[in-house]
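For chain L, the structure is supplied; the task is to place chain H on it using the hints.
If you read the sequences in order, they're chains L and H. Positions 1 to 775 (the UniProt record's numbering) are the ones given, in order, by the first sequence. Positions 1 to 113 (the UniProt record's numbering) are the ones given, in order, by the second sequence.
Keep in mind that the hints were calculated from the coordinates and are not lab data. For every residue, glycine included, the Cβ atom is placed at its ideal position computed from N, Cα and C. One thing to keep in mind: the hints can contain errors.
Unchecked claim - Per label pair, the in silico range of CB-to-CB distance:
| id | chain 1 | residue 1 | chain 2 | residue 2 | range |
| --- | --- | --- | --- | --- | --- |
| 1 | L | I754 | H | N102 | 31 to 39 Å |
| 2 | H | M105 | L | L634 | 23 to 31 Å |
| 3 | H | R51 | L | K729 | 19 to 27 Å |
| 4 | H | N102 | L | D593 | 17 to 25 Å |
| 5 | H | N102 | L | E718 | 18 to 26 Å |
| 6 | L | L757 | H | R51 | 29 to 37 Å |
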Amino acid sequence: MIYAILGPLIISFLIPFFYKWKHKIHTGWILLPVPFVIFLYFLQFVGSEFSPIRQSYPWIPSLNIVFDLHLDGLSLLFSLLISGIGTLVLLYSIYYLDQSEKLAHFYIYLMIFMSAMLGVVLSDNVFVLYTFWEFTSLSSFLLIGYWHHRERSRYGALKSMLITVFGGLSLLGGVILLTTTAGTASIQEMIDQKDVIINSSYFPLILVFIFLGAFTKSAQFPFHIWLPDAMEAPTPVSAYLHSATMVKAGLYLIARLSPILAGEPWFFIAVSGIGMVTLCWGSFMAVRQTDLKGILAFSTISQLGMIMTMLGFGTKAAVFAAVFHILNHATFKGSLFMVAGIVDHETGTRDIRKLGGLMTLMPVSATLALFATFSMAGVPLPLLNGFYSKELFFSSSLELSTSGAALMNTLALVMPYLAVLGSIFTFVYSMYFFSGTFRGNLQADVLPKKPHEAPWGMLISPIVLVSGVILIGLFPNMVNEPLLAKTAEAVYGEAVQKEIYFWHGFETPFYMSMAVVGLGTLLAFTQKRWARVYQVIPGKWSFNVLYDLIVSGIYRVSETVTESYMNGSLRRYIRLILLAMLIAGFGFMMTTDGFMFSNADVAPISLTEVLIAVTMAVAAFATIYTSNRIAAILILGVVGYGLSLLFVIYRAPDLALTQLIVETVTVALFLLAFYHLPELRKIDDDKKERGINVIVAGLFGLLMAAVGISAHSSKWFEPISDYFLETSKTLGGGKNVVNVILVDMRGLDTLFEITVLGIAALAIYGLIKIRRTRE
Amino acid sequence: MEILMSILAGILFATGLYNLMQKQILRIVIGTGLISHGAHLFILTMGKLKRGAPPILDEGVGNYVDPLPQALILTSIVISFGVTSFLLALSYRTYVLNKTDNMEMLRGNENDQ
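Only chain L is shown next, with the shape it has when bound in the complex (with noise of 0.2 Å):
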């Protein structure tokens, strides 16, 4: 099974070879047996007897993250799709990419791409789960802006990029906290823990963080936005990714985690009423595009949001409709994607406005679209799937119970209205996508290109997804028993029977599904008329300009707060950095009582350390008023000298050599200096910032006053300078003990002291003599 997911990930890595014979041989030839011997591998699992597998690899074991690989009813439907619909857009794209294009970057992608979402279907470890998804993130951004030129495909990736990524992360926050909650990073041992995870108090974010995840993945609303953008990719991308596979993965963890989940009431409330809100927005939205694409996006949003409302009834019922429905909706959707692209390839153009009469033209396109657009209104013909999954989402939502809380019961009361309400629209959108592109009259002058049918070759995949639309209408057992009745065990944790029938006989079901046909078909014939009441609702409302102020917002705050501070003036920066010491001093100093004035132990005062104290205050001061260079430096000099003066009260002899010493060759370095530059002179500024400085200035004196005062009032430990005293003779073999502990004891400082002084001397010496003008 490692194979199956890892497969095209290294086949990938030769696309690049393959790719040198593109002239001869169209790349996609060479890969097409890929998926389809996956998904033969995969078929042998179909039967009634077929039980879940289980593999184990280790990767980063003491991390509780195993390549742990389960493969039970839900991950083999999917891993069915994932490969067979692949085999098909592979062999589509095989026809519509022309040999031109950059062939080898999109087949990479896209088995990347497979990959990464096999792995997804396949994990049974969250953290591995996790890391595929983020592959199916990142490889979907890859290949909607494969067309990287222009301008819209690059800002459809940068938005379902973004969007795919926040959610992605957010269920990275719910694994780790499931993880933790349940002790164990395995989806089927957290099924046996369901109690534990229920009950824990991280259970509401591990809620919100799971549907996060899986909303943005599968563009519920609000977060649908991305979808419609997306379809800026090559077509054979929208029909394999934002069709049947990657926004269905979002169903996929929702299904897979619901046997934990389901049953909860915010499980439910959340699940089922953000699914119907999508279901109804999406069937809306969709009949007010103009793009052919565009109406399947805002189609895909809705049929995602109905699949996601039955997994979030979490009846027996429902699973099983939603199961089915994921499988119907592949098959259409897939189709119809396939089909619109060949009318872009084509004609040219994807314009509803421009299109229309290419029934004849394209009788066998015009034949395909037909089955898949009836299928997916639910029309009840016994020939197409999608009225079967329609009639049991209309039976399981009147079967809901109503002995839950308030909000639980008008929900559940609400949903069968709502639920016809969303099917009248896609009636509505299902004919208004084929009557405007295949009934009516030919535009032949507006369109670019003389229209005529497609190759066969491009043609055959829709002919098979349209096959499969057919077969499950005529016998949907067929694929009942094998597959979907795993499926929907996996999902609801306990075995699920269901028949499926054509004729219900007169039930509630069979009369909403008439009063869907008898409302659609009022609409999409008066559609004209009523197609003003977008101009209300959304109106100028939308998601989009939200999302595009949120964008821009983060700019233009970020830009503002950045700003504000980073203005390029070094004094601010010493400003802020001086504030910050402040704050963090005092507010120290006074959290933790550090404050200590005591005159105990202080060394006598004398009256000429006072005189010299004062004179180099005096001095300091003076520093600042002073606009004579040649007394500025002489002033600094005062204060130089007193601290050697010090030096020599103090018992420091070697320091005030050393000090008097530096002083007069600084005195002269600066006397140096000046002679080359300008006259010192006050800049003025204004009277604020002037106090500003003075209050900061003088504020970090006190603070660094009273830090020196308390540190002496406080005792903590002997200093261990008697050591030094007693060893320097012994062990240093030396009476000085400063030149002692300078040169023996503590000798790497001075290495590296020498080492500046080299390095300072060095640099002047560069930055004096080297002249390069600038450039």
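Chain H in isolation, oriented as in the chain L frame:
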């Protein structure tokens, strides 16, 4: 005496920082000089003042001042001397290249370009 010296160190810090926040490049160099003086005094004060003879071993002397802060300060003086002279050369170079010693005019970030 330590309290007085702490206050003096505080004054040196305050005046040094005030100079550091001025616009003219030379005042900044002067400010760093004052700050390093303040820091040296600070270290010395922390090691307690006048508690014995200078740390040069001699017969019959029992009490010496703490030698460790003195060693630290000696290192620090040399380093701050190196840095100060480098700063001076840098300010000279800055002035020659940019024809200004006003720090408010020597500014800009990537957004300004």
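request  = Kindly indicate which numbered hints from before are broken by the structure, ordering the numbers from low to high.
outcome  = Hints 4, 5 contradicted; others consistent.
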